[in-house]
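Engineer: Chain by chain, the residues run as shown.
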Amino acid sequence: MTNSHLFTKNLLARFGAAMCATIALTLSTGSLAQQIVRLADLEPLSGPFQSQGDTNLRTLQAAVDEFNARSKDLKFEVVPYDAKGKAQEAMNIFRQATERGIRYFVGGGSSAIVSGLMETINTYNARNPGQEVLYLNHQAIDPAFTEAQCSFWHFRFDPHVRMRMFALASHITRDKSVKKVYLINQDYSFGQQVEASAKSYLGAMRPDVVIAGEERHPIGSTKDFSPYVAKIKASGADTVITGNFGQDLVLLIKAAKDIGLKVKFYTYYGNALGAPTAVGTAGVDSLRLVTTWETNAMSQRAKSIYDNFKSKYPKSEIFHTGVIEMVNLLGEAVKKAGTIEPKGVAFALEGLKTAGAFGEVQMRAADHQLLAPMFIQTFEAQDGKKVKYGVEGLVYGFRTDAMIPASATEPIMACQMQRPAR
Amino acid sequence: MEVLASSLLNGLTYGFLLFMLASGLTLIFSLMGIMNFAHASIYMLGAYVGYALAKHLGFWVGALVAPALVGIMGCALERWFLRALHVRGHVVELLFTFGLALLIEEVVKLIWGAGPVDYNFPHALKGSLFELFGTPYPAYKGFMVLVTAAALAGLYALVTHTRVGLIVRASLTHPLMVENLGHDTDRVFMWVFGLGSALAGLAGVIGGAALTTEPSMATQLGTIIFVVVVIGGLGSIPGAFVASILVGLLQTLLIAVDLRLGEALIPMGLLAHGALAEVKISQLAPMAPYCLMVAVLLIRPRGLLGRRDA
Numbered sequence: 001m002t003n004s005h006l007f008t009k010n011l012l013a014r015f016g017a018a019m020c021a022t023i024a025l026t027l028s029t030g031s032l033a034q035q036i037v038r039l040a041d042l043e044p045l046s047g048p049f050q051s052q053g054d055t056n057l058r059t060l061q062a063a064v065d066e067f068n069a070r071s072k073d074l075k076f077e078v079v080p081y082d083a084k085g086k087a088q089e090a091m092n093i094f095r096q097a098t099e100r101g102i103r104y105f106v107g108g109g110s111s112a113i114v115s116g117l118m119e120t121i122n123t124y125n126a127r128n129p130g131q132e133v134l135y136l137n138h139q140a141i142d143p144a145f146t147e148a149q150c151s152f153w154h155f156r157f158d159p160h161v162r163m164r165m166f167a168l169a170s171h172i173t174r175d176k177s178v179k180k181v182y183l184i185n186q187d188y189s190f191g192q193q194v195e196a197s198a199k200s201y202l203g204a205m206r207p208d209v210v211i212a213g214e215e216r217h218p219i220g221s222t223k224d225f226s227p228y229v230a231k232i233k234a235s236g237a238d239t240v241i242t243g244n245f246g247q248d249l250v251l252l253i254k255a256a257k258d259i260g261l262k263v264k265f266y267t268y269y270g271n272a273l274g275a276p277t278a279v280g281t282a283g284v285d286s287l288r289l290v291t292t293w294e295t296n297a298m299s300q301r302a303k304s305i306y307d308n309f310k311s312k313y314p315k316s317e318i319f320h321t322g323v324i325e326m327v328n329l330l331g332e333a334v335k336k337a338g339t340i341e342p343k344g345v346a347f348a349l350e351g352l353k354t355a356g357a358f359g360e361v362q363m364r365a366a367d368h369q370l371l372a373p374m375f376i377q378t379f380e381a382q383d384g385k386k387v388k389y390g391v392e393g394l395v396y397g398f399r400t401d402a403m404i405p406a407s408a409t410e411p412i413m414a415c416q417m418q419r420p421a422r
Numbered sequence: 001m002e003v004l005a006s007s008l009l010n011g012l013t014y015g016f017l018l019f020m021l022a023s024g025l026t027l028i029f030s031l032m033g034i035m036n037f038a039h040a041s042i043y044m045l046g047a048y049v050g051y052a053l054a055k056h057l058g059f060w061v062g063a064l065v066a067p068a069l070v071g072i073m074g075c076a077l078e079r080w081f082l083r084a085l086h087v088r089g090h091v092v093e094l095l096f097t098f099g100l101a102l103l104i105e106e107v108v109k110l111i112w113g114a115g116p117v118d119y120n121f122p123h124a125l126k127g128s129l130f131e132l133f134g135t136p137y138p139a140y141k142g143f144m145v146l147v148t149a150a151a152l153a154g155l156y157a158l159v160t161h162t163r164v165g166l167i168v169r170a171s172l173t174h175p176l177m178v179e180n181l182g183h184d185t186d187r188v189f190m191w192v193f194g195l196g197s198a199l200a201g202l203a204g205v206i207g208g209a210a211l212t213t214e215p216s217m218a219t220q221l222g223t224i225i226f227v228v229v230v231i232g233g234l235g236s237i238p239g240a241f242v243a244s245i246l247v248g249l250l251q252t253l254l255i256a257v258d259l260r261l262g263e264a265l266i267p268m269g270l271l272a273h274g275a276l277a278e279v280k281i282s283q284l285a286p287m288a289p290y291c292l293m294v295a296v297l298l299i300r301p302r303g304l305l306g307r308r309d310a
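Taken in sequence, the protein lines are chains A and B. Its first residue numbered 1, the first sequence is counted upward by one per residue in this note's numbering. Its first residue numbered 1, the second sequence is counted upward by one per residue in this note's numbering.
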């Protein structure tokens with residue numbers, strides 16, 4: 001580096017410091033001039049999970065639009081990045097985005113990426129005091145992120161695998177027609193956790209239910225599910241439980257339809273990303289799911305986000321509330337903290353309670369896990385009463401069979417968090 | 001029994017699709033003496049071109065025209081690029097096809113987007129063909145087998161029973177002699193390359209509609225095809241056939257096995273420990289072709305039916 005370069009850099013640094021001081025001064029006087037917070041959204045915008053990434057990004061944009069419309073002094077700005085479903089790509093993006101001065105990170109894709117990002121952010125924050133960044137996880141639901149691996153710099157806005165499975169299993173307990181269950185999942189941490197939690201909760205709540213088989217297939221690369229569905233059929237199972245999403249769910253359901261497999265599918269993500277379209281009429285009464293999103297009971301805020309989303313993407317669906325709760329809670333936390341500095345915002349987020357999209361939600365302070373209500377739904381014909389809206393342009397939508405209150409799925413605390421000094 | 005029967009059928013269907021690709025690849029190998037890394041990308045192009053045509057002209061027109069277009073593209077590729085590179089040796093040709101594969105993937109992403117496109121068989125092929133132990137066999141799979149079998153029977157007849165085939169076979173083994181007899185071997189090579197590409201294009205139409213049409217389809221199937229050709233023996237069409245069916249059956253039948261590694265090894269007098277014993281045999285299915293390839297290379301480096309060493 002040449003001398004003149006160094007000089008400019010010094011000057012810039014001084015200028016930056018002066019700016020910071022000015023901002024700090026304005027903040028300490030309590031007035032909040034209009035501020036823009038940029039959110040780097042890392043999603044798989046290409047590859048087998050593109051549909052998921054696209055939908056998350058669009059939902060985030062709709063939620064941000066809704067927030068910006070009602071917020072005067074604080075605006076959010078979404079900066080999308082294609083993490084391509086690869087951990088290495090996510091690291092590169094993190095470096096780029098921090099160099100651009102972005103302090104808030106959203107999304108990720110799979111649990112593997114989120115795990116890597118959390119590590120990176122912990123290290124980054126330890127090395128750059130005063131420049132901390134915050135990670136807002138709206139989708140990766142590996143319990144470890146709020147348990148063994150929990151971090152002060154990470155917040156999760158979606159119920160994790162076991163919370164969801166607890167809701168699902170407690171509903172299956174009441175469904176007497178479920179006798180033989182087949183578990184088919186993606187062969188990586190998330191799929192393994194769905195499998196393990198299904199076995200443990202069903203074993204405890206419905207010991208009479210037989211696990212007819214359990215299967216893991218390669219994630220994102222299985223194109224032909226016919227050998228798997230042949231096995232499911234032969235096992236005599238009446239119910240399939242799967243955490244599959246995107247292509248892995250669409251192709252599984254298609255293959256099941258091809259051979260006329262008549263089972264109930266209890267899923268995590270059956271309400272979007274092409275799954276309803278793939279199953280069509282054959283899914284009526286058989287496609288079920290546990291979700292945080294419920295179109296039949298939208299609050300005014302949820303409705304305006306939904307309308308905005310649907311006006312742009314009529315064939316696509318919002319499939320969870322993680323993104324929506326995240327934007328709202330972040331906005332409230334900034335107001336409460338009176339700063340956009342991630343550290344202060346993080347402290348303000350802890351324990352924050354607010355009206356969520358479908359009832360009260362709370363960010364648990366001790367482990368940064370959001371407690372939110374969940375719904376068990378079934379695919380049915382749209383009737384304007386129990387099924388108000390069709391999905392993906394179909395005349396079918398989802399009926400809610402049960403609402404599981406946030407308190408019912410509150411997990412046992414298993415996090416020992418190290419907090420920075422305030 | 002039921003699982004075995006449907007797995008056999010599924011395995012055969014998959015094996016046929018593999019063979020349609022592997023036959024073209026191995027044909028081109030015997031011609032150029034190099035592995036065409038872009039072969040699976042040509043397969044992908046077949047799927048996308050078929051999709052683009054199907055959107056406007058219907059599935060059937062797309063299914064007929066796409067392989068022809070891709071075949072013509074193959075001819076052009078040989079005529080203006082590979083032929084010029086041939087004098088510089090195999091490594092340059094190899095690198096060229098490798099670069100071409102990457103290029104095609106990026107171009108496909110640019111034109112059709114990074115996600116899967118909605119390419120499906122038409123309604124006439126929905127529904128089932130027959131039932132086996134109460135499990136319906138989808139009509140489109142029957143169509144896949146039919147088309148593949150017809151294409152390959154045609155190829156076989158062409159190569160073994162016609163004058164053109166005679167010249168092609170002679171050009172592969174004795175190009176100089178054929179040239180001295182007054183035949184244009186350059187042109188023969190071009191047509192063979194085009195034919196191999198057209199076969200890949202046809203496989204793309206069928207495979208794209210049956211599985212999924214997306215930019216990673218080339219890489220995913222490409223490695224398997226490579227494995228098939230190596231197992232069968234480089235340059236051997238019958239070898240490619242045996243290997244395709246073998247790999248197809250192996251992958252589907254392993255999925256049907258409902259044992260864990262620990263249990264499966266006991267009859268052989270072996271013991272697996274800890275996490276290894278917990279691995280399900282069905283989880284090994286994706287890596288089975290690679291294990292088979294390593295084994296074949298160790299025991300019989302020229303492949304099952306190959307004539308020269310790999």
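Think of the hints as simulated: they come from the structure by calculation, not from any bench. It should be emphasised that the depicted structure is a prediction, and the values quoted were computed from it without experimental measurement. Don't take each hint at face value.
Once the Cα atoms are required to be at most 35 Å apart in a straight line, the calculated DSBU-like pairs of lysine-lysine come out as [to be verified]:
#1 A:Lys303 / A:Lys257
#2 A:Lys386 / B:Lys109
#3 B:Lys109 / A:Lys315
#4 B:Lys55 / A:Lys86
#5 A:Lys72 / A:Lys179
Heads up, incomplete: computed chain B residues facing chain A, CB under 10 Å, no partners named [to be verified]:
#6 Glu2
#7 Ser30
#8 Met32
#9 Ile34
#10 Met35
#11 Gly207
#12 Ile255
#13 Met268
We treat Cβ as the ideally placed atom computed from N, Cα and C, and that holds for glycine.
Engineer: Now look at each hint and say whether the structure bears it out.
Structural biologist: Hint check:
1. Distance restraint check for Lys303 (chain A) and Lys257 (chain A): the Cα-Cα separation of roughly 33 Å lies within the 35 Å cut-off, and the hinted pair is therefore satisfied.
2. Our distance criterion of 35 Å between C-alpha atoms is broken by Lys386 (chain A) and Lys109 (chain B), whose separation comes to about 41 Å.
3. Note on Lys109 (chain B) and Lys315 (chain A): the hinted pairing holds, with a Cα-Cα distance of about 22 Å set against a maximum of 35 Å.
4. Proposed proximity of Lys55 (chain B) and Lys86 (chain A) is supported: the alpha carbons are some 32 Å apart, at most 35 Å.
5. Between the alpha carbons of Lys72 (chain A) and Lys179 (chain A) the distance comes to roughly 55 Å, so the proposed pair goes past 35 Å and is violated.
6. The interface hint given for Glu2 (chain B) holds, since its Cβ lies 5 Å from the closest Cβ of chain A, which is under the 10 Å cut-off.
7. Annotation: Ser30 (chain B) was flagged as interfacial toward chain A, and the flag is violated, the nearest CB pair being 29 Å apart, outside 10 Å.
8. Taken as an interface hint, Met32 (chain B) does not check out: its beta carbon lies about 29 Å from the nearest beta carbon of chain A, beyond 10 Å.
9. The interface hint given for Ile34 (chain B) is violated, since its Cβ lies 27 Å from the closest Cβ of chain A, which is over the 10 Å cut-off.
10. Taken as an interface hint, Met35 (chain B) does not check out: its beta carbon lies about 22 Å from the nearest beta carbon of chain A, beyond 10 Å.
11. Because the beta carbon of Gly207 (chain B) sits about 9 Å from the nearest beta carbon in chain A, less than 10 Å, this interface hint is met.
12. Because the beta carbon of Ile255 (chain B) sits about 4 Å from the nearest beta carbon in chain A, less than 10 Å, this interface hint is met.
13. For the restraint placing Met268 (chain B) at the interface with chain A, the shortest Cβ-Cβ distance is roughly 24 Å, beyond the 10 Å limit, so the hint is violated.
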